[in-house]
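Enquirer: As a plain string of letters, each chain reads:
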Amino acid sequence: MILNTDSMKPLYVQIAEWLEAEILNENIKKEERIYSQYQLAEMFTINPATAAKGLNILADEAIVYKKRGLGMFVAPNAKAFILARRRGPVLGQMIKELVTEANRLDVSESELYRMIQQVRKESEEDQ
Amino acid sequence: MSVIQGVDLTKAYGKLKAIDHLSFEIEENKITGLIGRNGSGKTTLLKMIAGYLKPTSGELKAFSEKPFNSLNVSANLMFIDDTMTFPDSLPLIDILNEVAPFYAHWNSSLASGLFDYYSFNPNQPHSNLSKGSKSIFNSILGIASRSPLTLLDEPTTGMDSAVRKDFYRALLKDYLEYPRTIILSSHLLSELEGILEDILLINQGTKLLHLPVLELKELAVGLRGNAQTVLSFVDGKEIIYQEEFAKGSLYVVIRRELIQQRLEQIRQNGIDVLPVATDDLCVYLTTKTKGGIDDVFKRS
Chain Z
1 MILNTDSMKP LYVQIAEWLE AEILNENIKK EERIYSQYQL AEMFTINPAT
51 AAKGLNILAD EAIVYKKRGL GMFVAPNAKA FILARRRGPV LGQMIKELVT
101 EANRLDVSES ELYRMIQQVR KESEEDQ
Chain V
1 MSVIQGVDLT KAYGKLKAID HLSFEIEENK ITGLIGRNGS GKTTLLKMIA
51 GYLKPTSGEL KAFSEKPFNS LNVSANLMFI DDTMTFPDSL PLIDILNEVA
101 PFYAHWNSSL ASGLFDYYSF NPNQPHSNLS KGSKSIFNSI LGIASRSPLT
151 LLDEPTTGMD SAVRKDFYRA LLKDYLEYPR TIILSSHLLS ELEGILEDIL
201 LINQGTKLLH LPVLELKELA VGLRGNAQTV LSFVDGKEII YQEEFAKGSL
251 YVVIRRELIQ QRLEQIRQNG IDVLPVATDD LCVYLTTKTK GGIDDVFKRS
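Going line by line, the protein sequences match chains Z and V. Residues in the first sequence are numbered consecutively from 1, following the working numbering. Residues in the second sequence are numbered consecutively from 1, following the working numbering.
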């Protein structure tokens, strides 16, 4: 597994996002044990302290929880929680950037709506 | 617990202070990157820790002992650099076999595994190896010794990029299996930083930074955009690096904490807020002149 070392995102954030993706597509199901910091360190060739910080992001948001002596497990509502958060602040931030860029390019509000509708239509046709 | 402590450590070669009143501690079972420009004192520091050189003044302890002339330190320590020489009467395979008894934790199956993986000729003398192959062979000694304190001075010199990746992975895998204190000095911070926990950045023999890599990554931000707008935000603040990359456009690197609260406002003013790569940041922090190589050409 390769991480993008040139990315804007720190490695531990990439680890957290990769784990979230694994939970979202149910490669790791709820109540299942998630990778340990040492497994992640081995998989991604990163320092275990970096891997631990990635796991801690998920633990802080209660996406995973600790069972004493057994490791970290996926919380029952993890998937719903990740979806809700990505819809909220994450998507919100992307929209903010989109609007800033649109303003810079003199794209009007209605034009922007039309472009979004166009992309949505195309992606529906693809499916 | 710390394995190495340096207090006010100085090493002078005549008038030149290679290490200049350096105080630091290296914690047990961490991988630390020793980073610095050419001639910044990395090798001198490692050689003092290894007991090859005696400090001019100040105090240095490894495993709570002065390393110079200490059998205990040298029994628990492996120092690898590219000037290691071995007698020509010993072919490679004999070197592997003969060093083993000196290292209590020597892993001979790992040593022979790596030796075979890199397809070394067992009967070749060490002095005939190419620069890169020498580094590979020496790094096998460094990893397989499993010394509680492993010092690797520019271990990847001459290695091609595929071999370097293998080396980082081998080192990390064996570290996970058998944690120990490792100090690596290198210029190639960007490809190395993934496996590091801490970074010790030195310049002209003094310590600039010693902190977890994760914190170094977030220490500074780059602001890029209209020169006047950028300057209005950083006015009066300490600037780490500044470059006018096009007429009227400025790139400025500044400590994140100085402008953390205004980042959103800065973005809204059309300024790009960019993360600063750790190796770039280390270069900026250790540059003697503000303008860099371009200044040399401006003068002529």
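Keep in mind that a hint or two might mislead.
Claimed, not checked - Here are some, though not all, of the chain Z residues that point toward chain V, as calculated from beta-carbon distances under 7 Å:
{"id": "1", "residue": "Ala21"}
{"id": "2", "residue": "Leu24"}
{"id": "3", "residue": "Asn25"}
{"id": "4", "residue": "Glu42"}
{"id": "5", "residue": "Thr45"}
Said to hold, decoys possible - Calculated from the model, a selection of chain Z residues having no Cβ within reach of chain V, i.e. all distances over 10 Å:
{"id": "6", "residue": "Trp18"}
{"id": "7", "residue": "Lys67"}
{"id": "8", "residue": "Arg104"}
{"id": "9", "residue": "Ser108"}
{"id": "10", "residue": "Glu122"}
Quick caveat, the hints were computed from the structure, so don't treat them as lab data. Think of the CB as a built atom: it goes at the ideal place given N, C-alpha and C, for glycine as much as any other residue.
Enquirer: Which of the listed hints are broken here?
Expert: 1, 2, 3 and 8
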